[in-house]
Structure formats: C-alpha cells, structure tokens
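Asker: All chains should be modelled from the sequences, with the hints used to inform the complete structure.
Chains A and B are the protein sequences, given in the same order. Residues in the first sequence are numbered from 55 upward in steps of one, following the working numbering. Residues in the second sequence are numbered from 57 upward in steps of one, following the working numbering.
These aren't lab readings, by the way, just hints derived from the structure by calculation. Because the structure is a prediction, the values reported are computed rather than measured. The beta-carbon is built from N, C-alpha and C at its ideal position, and this holds for glycine as well. Do not take every clue at face value.
To be verified - In silico DSS-like pairs for lysine-lysine, Cα to Cα no more than 30 Å straight-line:
1. A:216 / A:92
2. B:266 / B:344
3. A:79 / B:253
4. A:221 / B:344
5. B:253 / B:206
6. A:236 / B:196
7. A:246 / B:411
8. A:148 / B:353
9. A:246 / B:480
10. B:407 / A:247
11. B:380 / A:252
12. A:236 / B:411
13. A:109 / A:88
14. A:114 / A:202
15. A:202 / A:148
16. B:380 / A:245
17. B:480 / A:247
18. A:237 / A:247
19. A:209 / B:196
20. B:411 / B:380
21. B:395 / A:238
22. B:128 / B:253
23. A:92 / B:266
24. B:411 / A:235
Claimed, not checked - Restraint ranges, calculated between C-beta atoms of paired labels, are given here:
25. B:143 / A:241: 34 to 42 Å
26. B:382 / A:136: 40 to 48 Å
27. A:84 / B:262: 18 to 26 Å
28. A:107 / B:131: 58 to 66 Å
29. B:415 / A:95: 42 to 50 Å
30. B:142 / A:246: 37 to 45 Å
31. A:241 / B:185: 55 to 63 Å
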Amino acid sequence: MSKFPKILSIIFCSLLCATPVLASKLNLGREATKAEIKAWDIDVRPDGQGLPEGKGTVEKGEQVFSEQCAACHGDFGEGVDRWPVLAGGLGTIKGDDPVKTVGSYWPYASTVFDYIYRAMPFGNAQSLSPDEVYAVTAYILHLNEIVKEDFELSKKNFTSIKMPNEKNFFADPRPDTPTMKKKKPCMENCKKKVKITKRARVINVTPDQNKNSTSKE
Amino acid sequence: MTKKLNTPELSRRALLKSAAAGGVTLAATATGVTEATAAQALEKETKENPITTKQDWNQVLGDGVDANPYGKPSEYEKNVIRRSVPWLTASPESSINFTPLHELDGIITPNGLCFERHHAGIAEVDPSEHRLMINGLVDKPLVFTMEDLKRFPRTNKIYFLECAANSGMEWRGAQLNGCQFTHGMIHCVNYTGVLLKDILAEAGLKTNAKWLMPEGADASGMNRSIPIEKALKDCMVAFKMNGEALRPEQGYPIRLVIPGWEGNMWVKWLRRIEVGDMPWHAREETSKYTDLMENGKARRFTWEMDCKSIITNPSPQAPITHGKGHTVLTGLAWSGRGKVDRVDITLDGGKNWQKARIDGPSLDKALHRFYFEFEWDGRPLLLQSRAIDETGYVQPTKDELREVRGTNSIYHNNGIQTWHVNAKGDAENVEIS
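Answerer: Structural data, given as structure tokens:
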C-alpha cells in the first residue's frame, strides 16, 4: 500500500472526525408516555394548535381576574406600580411614549392564553383551569374592546379573534447600518469639533454603590 | 521627572503639605510632580510602608486546607459583585442584575458574577427529578434523564450570552453611570454539553419539522420559537459552565445554548422541546423582544446580537487613580455573527482613531479582550471603542442607530459608548456631538 492513500485518509479523517458524527442512534432515553406528554404539552399557537377543551365568558373572567390578577394588573388592566399594563394604549404605539398592551401591541390572542395558562398568576403558575383561562382571556380581550361584554370564548371560536396590531409586525431587516462594504470607518481628522450633549450625572438615576472600586488600571 | 522627587533636598514636610491641599497638588503637577509619585515618595518614609513594615500574614499561620471547602474570593474583592437597578422592574423575582465588567479581565466571566435574569425567580431543581422531553413532529417522543444526556458525545465551547435589552436604558441618552449598568447584561463562559442535533436525531425529526419550542421548568415556563436550521447548526444543551455544574441562577441542571443569539432564547431549567411546523409567537417573542420602530411597526424574531464593544477601564466605576502617565485602557468586544476582527479606540471623541490590541483567544461568538496603552497627559478624554466583526459589520454610533430605529425599540442597542474622563481621572457616561 502506498503512503499516498494513507495521508489522504488522515486528511479526510481530520476533516470529518473533528466533531463526533453519529452514524446511528445511540438508543438513549425512553419513549414518553401519552400521560406524560399531556401533562407537559400545554403550549398554544396562533392557529389554535394546543388549545384545551373549554370555554369562558367575559363575566366569569372579570370575577377570576379580580380575585387572581387585579392585585398587580389593576381592576381594568391598567397596571399597579410597575406591573404590566394589559389594556388601553390604543393609538400610542407610534408616539413618543408607546403603551404596549394586549390590545395596542400583541399580534395574537393565542399568546394571551398560552402565557396565562403557563405562567400566571405570578407565583402560582398553572393553577387555573382551562375554563378559567378562557374566561380571563375573554375578559382581557373585552378590556381592550376586542370582544363584547356578552362574549364567550371557547376552543371552537378562538381562531376567529383577530388582533388589531397583527399587521404591524415584520421580519428582522438587520444589518441596518453601514458595513465595511458600504463605508469604511474614518480613522483620521474625522470631525473638527466635539461637544458633550448629554450627561448621566444630570439624570442621576444610578444606584448608590460603594465608591471604593477595587479596580485600578 | 520622578528623579527630582527622589532627591534628598525635597523634604517630607513639603510633600505632606502639598498632599494636604488639592490646589497645591495641582501646582506640583505644573512643576512636573504628579500625585502618584508624591504618594509613592510618602510611602517610603511612613510607618505604612508595606516593605519595611511587617504584616500579620508575614508572621502568623493562616487557615489550613478545608477552611473553605468551596473557595471564595479574597475579602478585599468584596466590591466585585453583581448589582441591580431596583427601579427597573416590578419585583426581584422577575428582574435582572448586571455583571461587574469593570472588575474583570480576560474573556471568561466567573460563574458567580454572570448576570441574572429571571421571570419567576430561581428554580431550585433536583437533578434526579429533572427530565428533558422531546415531543411534537418526531418519529418517537422521548424522555431523557440527566444521566442519559451525559451519555451523548460532549463538546466544549466558549460563547457570550447577551440580553437583547443590554444598553436598552440608553436609547434616549446617557442614563446609567457605569459600564456594569450600561453593558453588564452579558457574560461569557465555557459550556460543556451535548449538541442539540444529536438529541433531536435520537427522536427522529419528521420532514415537516421547521421550528422548535424550548420550555423551562421554572414557574414562568419560559418558551420561545427557534428555527430548525439554527438548532441543527450549533445549539447545545449545556450542563456545565467553566467546568462545574451550571449555577441554579443559570439554569441548573441544564440550559439551552444558542450561540450569538439573544439571551432570552437560551432557556434555563430546560425541560421540554416541542418540534413543530410554525412558530409559536410566545409572549417573549411578541409583547417582548420585538423592536418597535418610530412608524409604529415592529421587527420580530430579531435573534442575532450585533457587533458591539465597551471600554470597561477607565469607566465611571473604575476611574484613573494614578494621575497622568502610562495608562492601560481595556475593554470587551463581541459579535453574534462570528469573531471580532478589529477594535478602534478614540481618545478625543472620534476625531482620530487608533487600533486597539486584541489579546487572548479570538473565538467565534465569544467575548474578545482588547487593550490600548497610552501616555495620559492629564487632559480630559472622550473615550470610545468601535468594533468591526469578520463579516465587515461596523459598530454604529448611537445616533446612527436612532436614525434608522428611533428611540422606542428597547432592544439591540449596540451603539458606541462614550466615557468622559476629566482631569482628575473620574469618568462619566456622556453623549457627544
């Protein structure tokens, strides 16, 4: 056997063998049972996939909301302290002080259901029944004038809900500033005058900390 | 210049006198005597001289082995801690703190200093009770124990993780005074784990598998949508950071690693990955982590972290204390698109730039450490750093970003940071024309 193929095979292997390639399955793990999948698979998508059986009215939702949610979000979703504002803000998104709420910003109603079902109430997650989540979702949609007062939200009619701001989301267009191809950065005599225009000390919102930094460069 | 100080005719009393009043120190500076050298001369003659004075640690026995079965930093490093800005968030359980970048060097962040972001507090997971489930569009839904996961081929990678909201408080102008607060939502560690593609291969992806939804085991059930191409390219399920088990606040026992992409997607306490044919549009990728433009339209799925850099020293929390003379400027640069090619430094607010020296490893989607050594003449400085990555992406100015995005986008502020250093060596977060 000549040396040549041996060298070739070494090169070949150094290219392919650098990261482990799994030729076949390792037979690790075990099959998930239906009960296990049912217990964890709670996510809901905009097309309705994942919605559990159930329904709930705006009226019932108001009751659940006042007991479980209003302490942080306020009776009408106006938000207490720095907790999220859930309702209102319509027409503010283009302005200087946008108020992003379910009605003014969120593109899909399924997100409201999915989030409440998995993460709310804060500190007692996954304690609401599907019917209660349908009801609270209906109530929040009503606070945002997306459904009427006598509305009942259900698995059946869920995907008929359209959110007003859905059309305003678009794909990431970055990079959106000049790259080397378009404009090489200036290195010398780039500007004549430089002035300080804004200062953090004037704002003065940095938390107090021990001034004696151990860092000495 | 320092020779003059060392001559015997310069009395100690004269030096004490000059050190006592700041104004006199300035006069001394004018004659070529700096504060630092004056202090050094004083040290030689006082009782506090660290060479002629015996210290306790020179004489008595210290602690034996096992005094700290798990070692901790020197007590003189007690300021090297994560810090938060309490007014930023409603509760500490759904909040963030910041890595003390100005106290660190090299490219690796120590585990106990990696910034924290939780949405429902730290889940204290018992690894023997932890499972990872793969379900959805797979041939066979699977469940893995921690032991199962450690039987996959392992890989080690150093990656940065940056929160998309890092520097988000600075969109409307200089606000927080310190790089810990303006840029500290970042860390960089060596992950040990297994490739996500190997785990998915065990379950077998169906041909219509296009998206993944990782989900956490914490009380927020964190979920995001990830395109399958990224998952198969370089994502990891990690169980170690810098050689030891993940810290609870970083997702113990396992977290997802999504190199170069925003930190929110790196789901901690990972317990399930669902495979699907379309994105989920979860709360964290619709109401949050979307970038609102001035015209009311919002960018979604803004995953990649743009190239960025920051001078960590000097900075507001780390002033120049040695007076004029030879100075080491240092900082960090990174890019979610690959390696950093170059970092430029300006001392005069962008009139003239010089290349900094990148030192240490230059790794894909990892922090890069840069240095710039110069003679400081004691005049005020306007410091900036500008990073350029291997794709030719140039870190923009904050005004360039505002021009295309306005000031309401919260996320992905990678604009060039300015520190104003005054004649005393104190630094402040400023913006310039």
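Asker: Run every hint past the structure and note whether it holds.
Answerer: Evaluated hints:
Restraint check for residue 216 of chain A and residue 92 of chain A: the C-alpha separation of about 28 Å stays at or below 30 Å, so the hint holds. Among the hinted pairs, residue 266 of chain B with residue 344 of chain B is consistent with the structure: their alpha-carbon atoms are about 23 Å apart, no more than 30 Å. For a cut-off of 30 Å, the pair hint linking residue 79 of chain A to residue 253 of chain B stands: about 12 Å separates their Cα positions. Between residue 221 of chain A and residue 344 of chain B the alpha-carbon distance is near 17 Å, which keeps this suggested pair within the 30 Å criterion.
Straight-line distance between C-alpha atoms of residue 253 of chain B and residue 206 of chain B comes to about 15 Å, which keeps the hinted pair within the 30 Å bound. Between residue 236 of chain A and residue 196 of chain B, the direct Cα distance comes to roughly 49 Å. Violation of the 30 Å bound is thereby established for this hinted pair. Taking the CA atoms of residue 246 of chain A and residue 411 of chain B, the gap is about 20 Å. The hint holds against a cut of 30 Å. For the hint pairing residue 148 of chain A with residue 353 of chain B, the CA-to-CA distance comes to about 8 Å; that is within 30 Å, so the pair holds.
In summary, the hint linking residue 246 of chain A to residue 480 of chain B is supported, as the alpha carbons are separated by about 25 Å, within the 30 Å threshold. The suggested pairing of residue 407 of chain B with residue 247 of chain A holds, with an alpha-carbon distance near 8 Å, which does not exceed 30 Å. Of the pairs offered as hints, the one joining residue 380 of chain B and residue 252 of chain A holds, with about 26 Å between alpha carbons and a cut-off of 30 Å not exceeded. Proximity of residue 236 of chain A to residue 411 of chain B is assessed by CA-CA distance (about 20 Å); at most 30 Å being required, the pair is judged to hold.
Under the criterion of a C-alpha separation no larger than 30 Å, the hint pairing residue 109 of chain A with residue 88 of chain A is consistent with the structure, at around 24 Å. Only pairs whose Cα atoms come within 30 Å are accepted, and residue 114 of chain A paired with residue 202 of chain A is accepted, the gap being roughly 13 Å. Pair hint residue 202 of chain A plus residue 148 of chain A holds up; C-alpha atoms about 26 Å apart against a cutoff of 30 Å. For a cut-off of 30 Å, the pair hint linking residue 380 of chain B to residue 245 of chain A stands: about 26 Å separates their Cα positions.
The suggested pairing of residue 480 of chain B with residue 247 of chain A holds, with an alpha-carbon distance near 23 Å, which does not exceed 30 Å. Taking the CA atoms of residue 237 of chain A and residue 247 of chain A, the gap is about 22 Å. The hint holds against a cut of 30 Å. Distance check on the hinted pair: residue 209 of chain A and residue 196 of chain B sit about 28 Å apart at the alpha-carbon level, within 30 Å; holds. Proximity of residue 411 of chain B to residue 380 of chain B is assessed by CA-CA distance (about 22 Å); at most 30 Å being required, the pair is judged to hold.
Between residue 395 of chain B and residue 238 of chain A, the direct Cα distance comes to roughly 18 Å. Compliance with the 30 Å bound is thereby established for this hinted pair. Annotation: proposed proximity of residue 128 of chain B to residue 253 of chain B is violated, straight-line Cα distance about 37 Å (limit 30 Å). Under the criterion of a C-alpha separation no larger than 30 Å, the hint pairing residue 92 of chain A with residue 266 of chain B is consistent with the structure, at around 22 Å. The suggested pairing of residue 411 of chain B with residue 235 of chain A holds, with an alpha-carbon distance near 19 Å, which does not exceed 30 Å.
A hinted range of 34 to 42 Å for the beta carbons of residue 143 of chain B and residue 241 of chain A is consistent with their spacing of about 40 Å. As the Cβ distance of residue 382 of chain B to residue 136 of chain A is approximately 46 Å, the hint placing it in 40 to 48 Å holds. Taken as a hint, the range 18 to 26 Å holds for the pair residue 84 of chain A and residue 262 of chain B, whose Cβ atoms sit roughly 20 Å apart. One distance hint, 58 to 66 Å for the beta-carbon pair residue 107 of chain A and residue 131 of chain B, holds here, with the actual separation near 60 Å.
Restraint check, residue 415 of chain B to residue 95 of chain A: a C-beta distance of roughly 49 Å satisfies the suggested window 42 to 50 Å. In this structure the hint that residue 142 of chain B and residue 246 of chain A lie 37 to 45 Å apart at CB holds, the actual value being about 43 Å. For the pair residue 241 of chain A and residue 185 of chain B, the supplied restraint of 55 to 63 Å holds, since their beta-carbon distance comes to about 58 Å.
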